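The numbering used here applies: residue 255 is where the sequence shown begins, and numbers increase by one.
Because the hints were derived from the structure by calculation, they are not lab data. Hints are supplied without guarantee of correctness; some may be wrong.
[Unchecked claim] Label-pair restraints from in silico Cβ distances:
{"hint": "1", "residue 1": "Ala1097", "residue 2": "Gly773", "range": "57 to 65 Å"}
{"hint": "2", "residue 1": "Gln334", "residue 2": "Ala549", "range": "14 to 22 Å"}
{"hint": "3", "residue 1": "Ala347", "residue 2": "Arg613", "range": "48 to 56 Å"}
{"hint": "4", "residue 1": "Asp1095", "residue 2": "Ser1031", "range": "44 to 52 Å"}
{"hint": "5", "residue 1": "Gly1004", "residue 2": "Asp538", "range": "49 to 57 Å"}
{"hint": "6", "residue 1": "Gly464", "residue 2": "Ser567", "range": "17 to 25 Å"}
{"hint": "7", "residue 1": "Ser1031", "residue 2": "Ser1089", "range": "33 to 41 Å"}
{"hint": "8", "residue 1": "Leu562", "residue 2": "Gly372", "range": "38 to 46 Å"}
{"hint": "9", "residue 1": "Ala350", "residue 2": "Gln891", "range": "49 to 57 Å"}
{"hint": "10", "residue 1": "Asp445", "residue 2": "Ala578", "range": "51 to 59 Å"}
{"hint": "11", "residue 1": "Lys1093", "residue 2": "Glu687", "range": "25 to 33 Å"}
{"hint": "12", "residue 1": "Glu687", "residue 2": "Gly420", "range": "46 to 54 Å"}
On a predicted model such as this, the values are computed, not experimentally measured, just so you know. Beta carbons are placed, not taken as given, at the ideal position from N, Cα and C, and that holds for glycine.
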Amino acid sequence: VPAWVARLLDRLLRPQPAHRFQHARDIVSAIDKREVPRDLRPSRRAWWGLAATLVLAAGIGGWWLQRGPAPLIAASPPLQRLLVLPIEHADAAASAELAPQLAGLGQHLRSALAAVPGLAVVDRERTHQALRQLDPTGAGRPDVASLRSVAAAQRVLQPQLQTENGDWRVRAQLHAADVPPQIIDGPPAPDPAAALAGWSRQPGTARALGLQEGTLELGLPASTEALGAYGAGLLLLQRGELAAALARFRAATDAAPAYADAWLTQADTALAIGELDTAFDAIDRGQRAAADAPARLRRRFAAQRALLDGDPSAAAAQWRALLATTPDDTLAELQLARAQGAAGDFTAAVQGLETLTQRDANDPRAWFELGKFTLLSGDAQRAVDDYLVRALVLYKRSRSTFGEAETVNALGIGYGRLGQTSDAAEQYRKAVELRRAVGNRRGVATSLRNLAGVQSLTGRFDQAAENLEQARALYTELGDREGLAAIENEIGLLAEERGDYPGALEAFRRALQIWQQAGDAHDAAQALNNIGFAHYQLGAYNDAQVYWQQAADAYQELGSQTGQIRTEQNRGLLASARGQWDEARRRLEQSLARAEQQQMPEEAAVSRRNLAEMELLRGDIAATLAQAERAEALFRQREDQRGIVDISLLRAQAFLATHADTEAREVLEALQPILPQAAIEQRAIAQLLQAELAARAGRPTQAADALRQARQWAAASGVRQVQLQIALRQAQAGNAADLAALDTATASLGHAALRLGWLELAMQRALARGDTESALSAYREASSLLRNGDFQRAAELHRLGARARRAQGDAAAAQRADSLAREAQARFREALPESLRAKFDRAQDLPVASAAEGESAPQ
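Use the sequences and the hints to build the structure in full.
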């Protein structure tokens, strides 16, 4: 199709950007159902556009209308490499009977050719993918020209085993572009293995392939039984039966302990399904067996060993060395990117994978890894839409259950990052079943862990805990310490969702210790960030700052956008608590802008929630409600119960600040159905607000009961800020309180709003007993805090300061304080939504009861 026509078609039929994610999800659904959903069929408008384009095309010749249907797979320019097809017997029945032995011999031939420096060979897995992408059933005969395009290989070697007069012989055809196939016949031999060995040693084979004579070393085992078991394992791998394949590879090495190729494949398979001990043992024994093997095999063992030892940089060095000798070795290219990603260098990994997908557009492994590392870099939208969906399509075409399982799990992560919580849970459930089907116990544990995270988010705490226990049992069976660290981290997050911050902190610390010992920089950064938040909730602000700074530095070095956004949100939250409004706004707005730019609704929702809290503390109620509304929409989209409750509580506090008690009561009543499943500190806050409403309605007994319950829940959660808010409210209500202890506690915490609340109470009490000096001392401290900007209760603080100045006879200073109070009151009123101003204005005319009468000024 001419380029301008293709561009026009693309523009007419491409989904609109706002629906890109839905489009990706529907593609996945279409693949699962083997049908095109209605939303993906061209609209009438698109059909008219298409018709117009066809007419235009016909007008310039119409030649392209005579072409066949568009290929299902992309054509890649052939690389300087050789595609070695599986060995078949000329007799189909004999081929089926000899299938395990032929599969083993074919892989030995492929490995021997790949071991020649400078000769790039399509690897076994990619070969199988190319065959299935053209012929999903495996029943047809491959079209060599199509194979060259699909596998991006300039040459194709098609070996066949023949029998004649009791002898065995290999006859191979070497296909290249624009020339007839070259026939390479081998000498007769007594058995298939000898026939292949004779074919590989003869000078004619070397000349045809452009090799030096004697360079092919098949490395066949001495035991026919071992070769058969090895080949049977390869066939099971192709069918996605990894656990059964691993058993056959064990049988092969039992029969031939020096079988280096079988040890390597055994290690690869064990790693794929999470059998780390088996992988370690296979690599140890395989390296000894491969002491005199070709350099490529030794380097592959060394790279695997380095990854298991936690040294991905050393693994990357091995793959670089292989690429230096054979530039078109795409397996080495893929493994190099995996090692770079494992080392935390997502930028290098993504760049390498982008190049690889251009060179071999039909390799689902490259698209999957590109999606994975793009996701880890923070660009979830692109990872899902552009990479993971394509990987899933190609894996399904290749009939790779293992690859499909890995991609579905990654899509769950992507959906979760994009706020599609139900879709994420669905993908994780599918991943659990697919990973069970291939015998990937570690994968099952990981998907259960991911599913538990979604269930925790949506308030299904018991289901989450059950899945975490199942995952823990699997990791324990596997002896996987890093997996257990991930479980500890999820247990911490679950405790956090429930409001148990002491428990969360201990779990995060256990996770951090394991990840640091393992050298896992990315997960260690996550644990540092989580520990910082637990410290923040427990009132250790300085500790929180230290951990968040460490996490921010680590994420910066790793290039993780998600991590950087989350630490920026948390540091903005801390600045807000300390009353550093300008810094808080800068950090939170910056994190919001980056989250929205990267289309990360979870992070955007949290930034808006934190901005809403900051605006509430500052006294900008209109901004509070606006941010809360937008955050709530995002939280509801993700079914994030904690976020929904948080926003409702902030909204109720905003209404109470303006004496819109009816609206506050309605918000709290609407929360009642889900509060029993909310975090306990959220329940404590809700009870605190109910106590405030009861006190204003003249129901002191009900208020006292609510405060008592709130105090119990706050104590259980360990959230220091909420504990002190309740203690301060009790003191304001005239209940017995250790005021000196409350003074010390609010000062040491460093929460500006709480400290100002205490100073307001201290001024009230000092003025009530005639202690103007103590009142002025409190006012001076409050004034220093108010220099950072507006505060919700600034007007009342200045009014109390004016009373203290006036009582000391300083009329000028009292007048200045009164002026500041009027200005603060005017700013507060101006920042109210129009609908709330009348309620606020009426509330200002209410009589203010004295503290001695058991009531405080309106809050």
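Practice problem: Starting from the hint 25 to 33 Å, judge whether the C-beta atoms of Lys1093 and Glu687 obey it. | Solution: Given about 55 Å between the Cβ atoms, the range is violated.
Quiz prompt | Ser1089 and Ser1031 - C-beta distance against the hinted 33 to 41 Å | solution = holds (40 Å)
Practice problem: For Asp445 and Ala578, compare the CB-CB distance with the range 51 to 59 Å and indicate the outcome. | Solution: Hint violated: Cβ distance 38 Å, outside 51 to 59 Å.
Quiz item: Is it true that the C-beta distance of Ala350 to Gln891 lies inside 49 to 57 Å, as the hint says?
Solution: With a Cβ separation near 53 Å, Ala350 and Gln891 satisfy 49 to 57 Å, so the hint holds.
Quiz prompt | Pairwise beta carbon distance, Gly1004 to Asp538, judged against the given window 49 to 57 Å | solution = About 54 Å separates the Cβ atoms of Gly1004 and Asp538, which means 49 to 57 Å holds.
Practice problem: Indicate whether the distance between the beta carbons of Glu687 and Gly420 respects the range 46 to 54 Å. | Solution: holds (50 Å)
Exercise. Could you say whether the range 48 to 56 Å given as a hint is met by the Cβ separation of Ala347 and Arg613?
Key: Distance hint for Ala347, Arg613 is violated at roughly 39 Å.
Practice problem: Can you let me know if the beta-carbon spacing of Leu562 and Gly372 is within 38 to 46 Å? | Solution: violated (29 Å)
Quiz item: Does the Cβ-Cβ separation between Asp1095 and Ser1031 fall within 44 to 52 Å?
Solution: Since Asp1095 and Ser1031 have Cβ atoms about 33 Å apart, the given range 44 to 52 Å is violated.
Self-check item: Range agreement (Cβ of Ala549 with Cβ of Gln334, hint 14 to 22 Å)
Solution: Hint holds: Cβ distance 20 Å, inside 14 to 22 Å.
Practice problem: Given the range 57 to 65 Å, decide if the beta-carbon distance of Ala1097 to Gly773 lies inside it. | Solution: holds (59 Å)
Quiz item: Taking 17 to 25 Å as the hint, is the beta-carbon distance of Gly464 and Ser567 inside that range?
Solution: violated (35 Å)
Going down the numbered hints, you'll see the structure goes against 3, 4, 6, 8, 10 and 11, while the others check out.
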